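When you get a sec, could you build the whole thing from the sequences and use the hints?
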Amino acid sequence: MSRPPARRLLALFAVMAFAFAAISVRLVVLQVGQAQELQDRALDQRVRTTELPAQRGQILDRDGARLALSTPAADVYADPRMVLDPWAAASQLSPLLHVDAASLAGSMSQDGSFVYLARQVNRTVAERIGELALPGVGLLDTSKRSYPAGSVASQVLGFVGTDGVGLTGLELGYQGVLAGTAGERTHELGLSGQAIVGGVDVERPPVAGSSVVTTIDRDLQFQVQEALEDAVKAQRARGGTVIVMDARTSQVLSMASYPWFDPNDFGDSPSGTYRNRAVTDAFEPGSTNKVITAAAAIQEQAIPLGLAIDVPWTMPVGDYVIHDSHPHGVMRMTLGDIVAESSNIGAVKVADRLGAPALATYLARFGLGHATGIGFPGESNGIMLPLDQWSDTSLATMAYGQGIAATPLQMASVYATIANGGRWVQPSLVRGTIDPNGDFVPSSDPQSHRVVSAETAHMVTRMLSYAVQDGTGINAQIPGYQVAGKTGTARIPAPDGSGYLEGQYIASFIGYLPAGDPRVVVAAILDRPAAGYGGLAAAPLFRRVALAAITRLGIAPAERVSLPPHALPVG
Amino acid sequence: MVFGIVVVNVLLAQTSFRITSAEQRLEELSQEHLELVSEQASLSAPGRIAAWASRHGMRLPDDIRILHASGGRHADPAGAGTSSTDGASP
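Chains as they are written, first to last, in our numbering: chain L, 79 to 649; chain H, 436 to 525.
Certain hints may be false.
Interface residues of chain H toward chain L, partial, derived using beta-carbon atoms under 8 Å [stated by the list, open to error]:
(1) Gln466
(2) Leu469
(3) Glu470
(4) Ser473
(5) Ala476
(6) Ser479
(7) Ala480
(8) Pro481
(9) Asp498
(10) Ile501
The hints are simulated quantities; they were obtained by calculation from the structure and are not laboratory data.
If you're wondering where the values come from, they're calculated on a predicted model, not measured in any experiment.
A virtual CB, placed ideally from N, CA and C, is assigned to each residue, including glycine.
Structure follows, in structure tokens:
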């Protein structure tokens with residue numbers, strides 16, 4: 079006998095009522111008690127925040143030619159847990175990435191959830207890898223720094239690491255300017271990755287880095303590097319440095335030290351080649367320093383310009399005997415002759431008349447002993463002892479450029495000071511920056527100070543012209559132009575501090591042209607060239623670089639300056 | 436009413452797809468632009484041009500010749516102070 083329908087209906091109602099109550103309670107719990115938490119969790123699943131990397135600024139030459147720029151690239155990674163067949167994937171990736179298949183397979187077989195397979199591959203390769211749709215293999219957008227001119231000005235530019243941060247050179251020094259500020263975008267995405275209309279979409283756009291406009295002339299820099307490389311190889315030198323500066327503004331038009339490197343593949347070169355030795359390394363300048371002795375003597379009227387003094391071949395100084403480069407009898411020389419013939423003894427005699435305090439003062443005024451402040455990372459101060467630490471021989475040796483050390487840039491600045499009428503102008507490598515809006519922001523005006531009078535500078539120019547016309551610098555002559563300059567043949571201190579290396583020299587020639595209206599200063603320095611002397615090894619390099627500067631910059635000849643008072647026969 | 440809401444949603448969805456597509460296209464074009472800029476910079480690099488010129492028999496002059504527009508004189512590379520009436524124009 080069956081139950082009465084009313085009781086069965088009542089039971090069913092009770093069950094349904096209970097179920098409804100349970101659902102209602104659950105609904106209240108979800109909609110009221112846990113509503114916010116669940117909404118947040120749902121939002122988290124839909125909302126993605128992605129970093130929007132800032133475009134790194136470019137580095138340009140003085141005319142806007144691109145020396146460094148960033149291009150889109152991708153990092154290729156793998157999640158080894160998701161890779162189904164490491165060897166199959168590796169065999170497909172290997173020819174695209176130019177990486178050994180066994181190495182790739184090994185990477186994709188290791189423990190962990192993330193491993194880079196390649197960094198900064200170009201967009202075309204990245205697209206082909208994307209088309210392979212390999213399980214567990216993915217791509218991350220990034221950028222790659224490239225240097226279109228290769229090794230041109232590489233030591234000035236420096237390079238960036240794989241994380242896009244500058245490691246050397248201007249890339250390091252101007253990291254804060256070039257890098258920009260990353261942005262981010264927060265938005266709701268559907269399952270297919272499509273943005274949900276009306277959903278969360280908040281973007282903080284990245285701020286691109288500013289571009290840096292250098293003072294470098296790319297084409298002149300290339301010619302300078304060619305000339306320097308040829309000279310180093312021809313002279314079997316250990317290396318060399320060339321600087322080209324604008325004589326009026328002290329802007330560096332070219333700066334190179336051989337050997338150099340290609341910043342596109344900096345890992346292939348020894349780290350020593352990364353250094354911008356023109357700025358970071360000091361050397362004993364030798365006779366190129368006599369220009370300071372001469373300028374100081376003229377300015378302080380330490381010796382009448384027409385006075386000829388006796389200059390023997392050797393002279394005792396303290397416990398040492400110093401001598402000129404070649405044996406000669408006692409010669410009658412004016413200050414002009416001493417500069418032109420590069421007489422050490424003559425320079426010492428002039429320095430004696432000048433006195434140590436005055437020489438120390440002028441060495442400092444010309445910029446020796448402290449960094450120029452060009453704004454390049456790692457710039458050296460050079461080495462100049464304080465006056466109270468000078469020995470019995472310091473005055474004598476510093477008069478002809480030994481016992482003191484300067485960077486090539488400091489020495490180029492010395493000659494730029496004379497070329498600029500006696501006013502030292504701080505050298506510069508950066509003309510300004512271009513902000514993300516495209517507006518040019520010039521660098522602040524360089525510091526400057528007067529070192530010697532214009533009259534003194536002009537007289538020194540006459541002496542330096544004499545040195546090229548009829549002295550040790552004849553190999554620097556350029557037809558149609560009057561060149562002012564000075565040779566240097568400096569001994570090299572032994573690394574153990576025991577004195578100087580025998581028979582090994584830094585050969586240099588530093589000068590400017592046209593002598594009557596200087597436009598460009600060139601410093602040419604070779605480390606231990608076969609020819610030894612500055613006049614034989616470095617002057618021809620100066621000449622070739624100066625010729626390149628003349629044609630590149632369109633430098634016209636100027637009125638010739640007259641020779642200074644001299645006692646030696648000319649011609 | 437319901438039909439209208441559905442139509443609006445469809446249109447919004449379509450617009451969303453078009454915006455996303457346009458953004459992707461813009462990104463691609465921006466990247467392509469950067470690559471072309473890089474390629475242009477590489478092609479104009481002095482090393483490449485010098486190598487090309489060298490392969491075609493060209494070389495930089497060993498010396499320079501100065502023309503004096505006023506007097507119609509020029510200094511020859513030997514610097515011997517020779518004069519000439521040719522090349523008088525600047």
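Hint by hint, here is what the structure shows:
1. Gln466: holds, 4 Å
2. Leu469: holds, 5 Å
3. Glu470: OK, holds: Glu470 of chain H within 8 Å of chain L, min 6 Å.
4. Ser473: holds, 5 Å
5. Ala476: Interface hint status for Ala476 of chain H: holds (4 Å vs cutoff 8 Å).
6. Ser479: holds, 7 Å
7. Ala480: Since the shortest Cβ distance to chain L is 4 Å, the answer is holds.
8. Pro481: Hint on Pro481 of chain H: holds, closest Cβ of chain L at ~4 Å, below 8 Å.
9. Asp498: For Asp498 of chain H, the interface hint holds, since the closest Cβ of chain L sits about 7 Å away, which is under 8 Å.
10. Ile501: Holds - the Cβ of Ile501 of chain H comes within 8 Å of chain L, reaching about 4 Å at its closest.
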